[in-house]
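Asker: The chain contents come next:
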Amino acid sequence: MNGLALLIPVALFLGLGGLGVFFWTLRSGQYDDLDGAAVRILLDDDDDDA
Amino acid sequence: MNVRISPTAMTQAPESVFSVPGMRCAGCISKLEKGLALVPGILAARVNFTAKRVTISHTPALAIPELQSALAELGFEAQPIGSVLALSDGAESRDLVRAMAVAGFGMMNVMLFSVSVWSGADGTTRDLFHWLSAIIALPVIAYAGRPFFRSAWRALSKGRTNMDVPISIGVILASALSLYETIIGGEHAYFDGAVMLLFFLLTGRWLDAVMRDRARDGVTALLRSTASGALVQTPDGGTQWLAASALSPSMVMHVAAGERLAADGVILSGRSHFDRSLLTGESVPVAAGVGDKALAGTLNVSGPISIAITAAGSDTAIADIARLMEEAGQSRSRYVRIADRAARFYAPAVHTLALASFAGWMIAGAGWHASLLIAVAVLIITCPCALGLAVPAAQIVAAGALMRAGVLVKDGSALERLAEADHAVFDKTGTLTLGRPEPRNLDRLAPIQQSLTLALAQSSRHPLSEALRRALSDRGIVPVAISDVRETPGEGMTALWNGKPVRLGRPATASGDMATALQIGDAAATTIFFTDPLRPGAEQAIVDLTELGLPASILSGDSPEAVAKIADTLRIPARAGMLPAEKCAAIAAEAARGAHILMVGDGLNDGPALAAGHVSMAPASASDASQNAADAVFLGDSLAPVATAVRVARATQRIVRQNFALAIGYNIVAVPLAISGQVTPLVAALAMSGSSIIVIANALRLRTSAQ
Chain A
1 MNGLALLIPV ALFLGLGGLG VFFWTLRSGQ YDDLDGAAVR ILLDDDDDDA
Chain B
1 MNVRISPTAM TQAPESVFSV PGMRCAGCIS KLEKGLALVP GILAARVNFT AKRVTISHTP
61 ALAIPELQSA LAELGFEAQP IGSVLALSDG AESRDLVRAM AVAGFGMMNV MLFSVSVWSG
121 ADGTTRDLFH WLSAIIALPV IAYAGRPFFR SAWRALSKGR TNMDVPISIG VILASALSLY
181 ETIIGGEHAY FDGAVMLLFF LLTGRWLDAV MRDRARDGVT ALLRSTASGA LVQTPDGGTQ
241 WLAASALSPS MVMHVAAGER LAADGVILSG RSHFDRSLLT GESVPVAAGV GDKALAGTLN
301 VSGPISIAIT AAGSDTAIAD IARLMEEAGQ SRSRYVRIAD RAARFYAPAV HTLALASFAG
361 WMIAGAGWHA SLLIAVAVLI ITCPCALGLA VPAAQIVAAG ALMRAGVLVK DGSALERLAE
421 ADHAVFDKTG TLTLGRPEPR NLDRLAPIQQ SLTLALAQSS RHPLSEALRR ALSDRGIVPV
481 AISDVRETPG EGMTALWNGK PVRLGRPATA SGDMATALQI GDAAATTIFF TDPLRPGAEQ
541 AIVDLTELGL PASILSGDSP EAVAKIADTL RIPARAGMLP AEKCAAIAAE AARGAHILMV
601 GDGLNDGPAL AAGHVSMAPA SASDASQNAA DAVFLGDSLA PVATAVRVAR ATQRIVRQNF
661 ALAIGYNIVA VPLAISGQVT PLVAALAMSG SSIIVIANAL RLRTSAQ
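Those protein sequence lines, which keep their order, are chains A and B.
Residue 12 in the working numbering sits at position 12 of the first sequence, and the numbers go up by one each step.
Residue 393 in the working numbering sits at position 393 of the second sequence, and the numbers go up by one each step.
These are computed hints drawn from the structure, not numbers from a lab.
Careful, some of the hints might be misleading.
As the list claims (entries may be wrong) - Partner residues aside, some chain B positions facing chain A, computed with beta carbon under 8 Å:
no. : residue
1   : F49
2   : R94
3   : V97
4   : M108
All C-beta atoms, glycine included, are put in the ideal place defined by N, C-alpha and C.
Could you build the full structure based on these sequences and the hints that come with them?
Answerer: So, in structure tokens, the structure goes:
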């Protein structure tokens, strides 16, 4: 039972953290250009401002 | 990869959005972003590859045409996207995905406790877990359930019922009863079931919204504004670029060859030919001179002209057609989607069933508490979880398959109506044909003549020159070096090649505008003829449609001779010389006889007919009004996607029916269990997720349906 008292808050906290991060990614527009993100990785940009 | 700019510049700089359909690879992205950043006056450029769009922030000094030519210099054809065509910001799907994320989070955490309860936790532990579940589930339900509660309330307050009514009642009753159970320390709480139900249903809703957004983005990316603006003479004698919405009568606009008119007016100076196919469907350009009227949306083909504007914005001839379109579209809004048709029977049936079980157990003497528990179990079990997914899951998979095949379907109802179509009606110019001139006898030219033609043609924006440039570049012809290139509007191009004068332009024998002559020195001129060819795959598409049970016919605004030629080639009946209103009336008359017409058209003159048809498709080369009116837009030159779309729509409808059958079959098994009081929260959770997964798996079979 003592273990539960620790584990349940930890589980809930981790879950809430994940939810918060997802909301953040949504708000910062990370899903706006999914295809673009997939091809941008192929760009060989070695200059500094990239 | 994105260019850094100071925040102050960001807030002040105007932003223009261009649609760039030509970007295909990672190279295009860096070429656009880096190339544009080097243009003086452009602060930053950001490409959205998914929507095929580039957002440019620039100094106010730069106007749309300059930006467009900067893009053209980088090798990309770009169309400005006006603020009028408000871009979908995906607000609805973002709301839904947020609700879905919350429901998913709640479902997983409540499950954590439910699994322990199912596997034997009892006494204080069970009570504690029920309380924890309640603390998580109640806020989650309040947040994630809003889309359903809102829609159910809207329906109820109008005295109607929809799919969301049983969902809302089920979820609210289940939560309330579970809360009561938790307070009295009872055995069963349905928090997991209620949250899971919301999660699955939100998934269905979200899929539906994503599908609409994606198609809308795709269509916006293709929109070709009839004309986004015009170069207007200012009082001090200069010229200024004004957006179409800022034009007003009494202004004078200058229109270069190859530009579309942004307003109606009277020609003040210059002579030119006008391509009016967008308005009337006529394929041969019409000559007009000083004093003649020119209409917005027509393409100025041969020479620069100035026009005194007589009507702009909503007063133009184009706007009249738009009004006609709006009226015609009203019949389609009466179409009821298959899920809503199912809900009409489903909702009352479910409510009756739950009420009957409650009454039955009360009469049998089970007490109100036990009876209510069973009634809630019935509501949860029958909640249209699989039903809510059955339609959107199938339709989004089908729409994805169609998108890969080059068809953008605007929403699920379009797929349903497409499956019902039993007649196909085509426009001619631009729909059955490519709607652009193609050189017919290039083979008669010697290789050196071809190189010379390309060299001359690539310096002009005349449609015939562009056709030559396209055709010759496709053949891999390399232009020769020429000097002293000069373009005489209405006459053609002249230049010097190896000291000899060369000319590409109007043939000596005036045989209309669909020919051009190449003359080298004093030698006899070679005439190149142009035709508006059939789209590739047109004949096969007509045959396929006939086999699918959609006999085709032509409704065209073009002259009877021009139409007859195409109709004979395709061996289908045709009616020619029809005005937009007549086309619309012809479709409406057929529809009144019970026919479900698939209208395929591109011009603005087809707009009302597109809106009047049971379902409609337009090519990507169509006018923006037609693309807006159409239910689906097909990309590329080929006409084959039309038949493919019908086939996929029918396959989708088959899968949707199978999914309904699966969902009903599951209910036939589960409902007696629920009524007899055998359904525990564990059974409900298993049944719900099991049926949803089966329905989704069945829908995934459509992935390859467009191949």
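Asker: Which hint numbers doesn't this structure obey?
Answerer: none
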